[in-house]
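K.L.:
So the chains spell out like this:
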Amino acid sequence: MTMKLDELKNVLSAQMRRSEIVANNLANVNATGFKRDVMFFDVLHSKSDSELRVDVETDFSQGSIQLTDNPMDLAISGKGFFLVEDEQGPVITRNGHFTLDANGFLRSATGKPVLGEGGWINLSLNGQDARNIKISNTAEIYVDEEYIDRLRIVEMEENATLQKAEGTAFRVDPASIRDIENPVVLQGRLERSNVNAVEEMVAMIEMERQFESTQKVVRMLDDTLRQTVNRVGKFR
Amino acid sequence: MLRSLRTAALGMAAQQLNVDTISNNLANVNTNGYKKNMIEFQDLLYETIQSGSANGRDGESKPSDIQVGLGNKAVATYRSFSQGDVAETGNSLDVAINGNGFLQILQPDGNYAYTRDGAMRVNANGYLVNASGLRIFPEITVPEGATGINISQDGVISVLMDGQVEPEEIAQVELASFMNPAGLNAIGGNLFEATEASGDPSFGLPGEEGFGVLFQGYLEKSNVDVVQEMVNLIVAQRAYEINSKAVKTADELLSMTNQLKR
Chain C
0 MTMKLDELKN
10 VLSAQMRRSE
20 IVANNLANVN
30 ATGFKRDVMF
40 FDVLHSKSDS
50 ELRVDVETDF
60 SQGSIQLTDN
70 PMDLAISGKG
80 FFLVEDEQGP
90 VITRNGHFTL
100 DANGFLRSAT
110 GKPVLGEGGW
120 INLSLNGQDA
130 RNIKISNTAE
140 IYVDEEYIDR
150 LRIVEMEENA
160 TLQKAEGTAF
170 RVDPASIRDI
180 ENPVVLQGRL
190 ERSNVNAVEE
200 MVAMIEMERQ
210 FESTQKVVRM
220 LDDTLRQTVN
230 RVGKFR
Chain U
0 MLRSLRTAAL
10 GMAAQQLNVD
20 TISNNLANVN
30 TNGYKKNMIE
40 FQDLLYETIQ
50 SGSANGRDGE
60 SKPSDIQVGL
70 GNKAVATYRS
80 FSQGDVAETG
90 NSLDVAINGN
100 GFLQILQPDG
110 NYAYTRDGAM
120 RVNANGYLVN
130 ASGLRIFPEI
140 TVPEGATGIN
150 ISQDGVISVL
160 MDGQVEPEEI
170 AQVELASFMN
180 PAGLNAIGGN
190 LFEATEASGD
200 PSFGLPGEEG
210 FGVLFQGYLE
220 KSNVDVVQEM
230 VNLIVAQRAY
240 EINSKAVKTA
250 DELLSMTNQL
260 KR
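Residue numbers (numbering that gives the first Met the number 0), protein chains in the order written: chain C, 0 to 235; chain U, 0 to 261.
Since the hints were derived computationally from the structure, they do not count as laboratory data.
Treat each hint with caution, since some may be false.
[Said to hold, decoys possible] Ranges between beta-carbon positions, derived for each pair:
{"id": "1", "chain 1": "U", "residue 1": "T76", "chain 2": "C", "residue 2": "E56", "range": "29 to 37 Å"}
{"id": "2", "chain 1": "U", "residue 1": "S22", "chain 2": "C", "residue 2": "L224", "range": "51 to 59 Å"}
{"id": "3", "chain 1": "C", "residue 1": "K215", "chain 2": "U", "residue 2": "Q15", "range": "48 to 56 Å"}
{"id": "4", "chain 1": "U", "residue 1": "S22", "chain 2": "C", "residue 2": "N136", "range": "30 to 38 Å"}
{"id": "5", "chain 1": "C", "residue 1": "E116", "chain 2": "U", "residue 2": "S22", "range": "37 to 45 Å"}
[Stated by the list, open to error] To spell it out: a stretch of chain U is covered by chain C in this simulated footprint if at least three of its residues, at any positions, have a beta carbon under 8 Å from a beta carbon of chain C; those stretches are:
{"id": "6", "stretch": "19-26"}
{"id": "7", "stretch": "38-48"}
{"id": "8", "stretch": "88-94"}
{"id": "9", "stretch": "172-185"}
{"id": "10", "stretch": "194-205"}
{"id": "11", "stretch": "230-241"}
{"id": "12", "stretch": "245-254"}
Small disclaimer: the values here were computed from a predicted structure and weren't measured.
All C-beta atoms, glycine included, are put in the ideal place defined by N, C-alpha and C.
Construct the complete structure from the given sequences, taking the supplied hints into account.
P.N.:
Dropping the structure here:
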């Protein structure tokens, strides 16, 4: 009997965890370059009946691309990530909302330097304000028709460790990063979050109802136990 | 207690800020030289629930951990300095800047501010001032008895004195430009101040490359696109609504948990 209660507890806490994941997806429905998380119940790999394993994977499908007309906004169509330098090493991101800092360096939305083939990218020609910035589909940057650098568009090797970090970025092992050959970069566009509100709402309803029915089972079991204690054990 | 409750509440707060920003843009749809504000959202910290190596199935390590995100926040509001529409006013003291330059304004506290609003007036002492009475820098005085004023595309101001036929050059308008105008700090009254993020201004004359030219008798209107803002407002409202549903669901989960024991 207690064994059964344990199992049910695992189901309830897994559903709770799912609600947290769905809530995070919904909170980021407007975040540029956000990739949704999906939770799986890993029933087949459970070693015992009482252990319910869950897996959370990030869905890297393409988000919709929106026109912004800001020359510093970039979106990647298809595979690849922008490479950004962080205090603790490189991070990769699909968020191409870049700005220039006071010295003309290209920076990500969180203020971290964006990396090109030559390292940090400086868009000011001879200390002048950068004007007329053109970024080709192949990620080559031109200021006033003059070639500056090429953005590094990277991916990681399969099965590489990947951790979500603050600011719609992913922390990866630097050794697993490799440049992709034919990236498609779109200037003046941003990739929106790939969260689909309908899907998340359905997931939320599903989660809530499963939680509810599991809760009913717990109460029924509780009832049965009560009956057992109060009736079966009673001698008349 | 339940992370999803707080996560969804943060999502609602972020969308609230989004609606505030959009309302301010819509309120300034007719403000001369107004530059629309936009907001950038990002996800927050992720909490790692189990480490990949410890939970590998059959001894294999999993490619990723279970991470639960803690919501969303607005990281930055930024301004789009795209050119606003230029409208004719017929007033000879109105100038529109077609390009990246800013007019310099001397504030009462001695600091400089920068503006795209070229609605100028002459005050009682003959100084050229902006619409709220602050002096344009470098200071320009219009001599008494001037009957006509002409501002050329490259910023030369000339006046026609009473009784004279030839116009007389009296001053030259200077413009400022910034490496990163999006980093300017708006201080109200259509004015901006330089910050560390924007960089120091570089100065030049109208007509020089990158500063733009002046159009006399025109004003630059706000660059707010009403249709786009309305669409953004709908998106923000729906996102707010959907996050409120997540709050409600989290509440129901907790209520059901409470009913586990009778």
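K.L.:
Residue count check for the stretch 194-205 of chain U against chain C: does it reach three with CB-CB under 8 Å?
P.N.:
Three-residue rule met by the stretch 194-205 of chain U, so holds; n is 6.
K.L.:
Okay, E116 of chain C versus S22 of chain U on CB: inside 37 to 45 Å?
P.N.:
holds (43 Å)
K.L.:
Okay, T76 of chain U versus E56 of chain C on CB: inside 29 to 37 Å?
P.N.:
holds (33 Å)
K.L.:
Assuming the hint says 48 to 56 Å, is it satisfied by the Cβ distance from K215 of chain C to Q15 of chain U or not?
P.N.:
Violated: the Cβ-Cβ distance is about 37 Å, outside 48 to 56 Å.
K.L.:
Against chain C, does the stretch 88-94 of chain U show at least 3 residues with beta-carbon separation below 8 Å?
P.N.:
Answer violated; 0 residues pass the 8 Å Cβ test.
K.L.:
Holds or violated: the 30 to 38 Å window for the beta-carbon distance between S22 of chain U and N136 of chain C?
P.N.:
holds (37 Å)
K.L.:
Are there at least three residues in the stretch 38-48 of chain U whose beta carbon sits under 8 Å from a beta carbon of chain C?
P.N.:
Satisfied; 9 residues make the cut.
K.L.:
Do three or more residues from the stretch 172-185 of chain U put their C-beta atoms closer than 8 Å to C-beta atoms of chain C?
P.N.:
holds (count 6)
K.L.:
With a cut-off of 8 Å between beta carbons, are at least three residues of the stretch 19-26 of chain U near chain C?
P.N.:
violated (count 0)
K.L.:
Take the C-beta atom of S22 of chain U and the C-beta atom of L224 of chain C, compute their distance, and say whether it sits inside 51 to 59 Å.
P.N.:
holds (57 Å)
K.L.:
How does the coverage statement for the stretch 230-241 of chain U fare against chain C, requiring three or more residues with Cβ below 8 Å from a Cβ of that chain?
P.N.:
holds (count 5)
K.L.:
Taking 8 Å as the Cβ threshold, is the statement that the stretch 245-254 of chain U is covered by chain C upheld or broken by the three-residue rule?
P.N.:
Answer holds; 5 residues pass the 8 Å Cβ test.
Going down the numbered hints, you'll see the structure goes against 3, 6 and 8, while the others check out.
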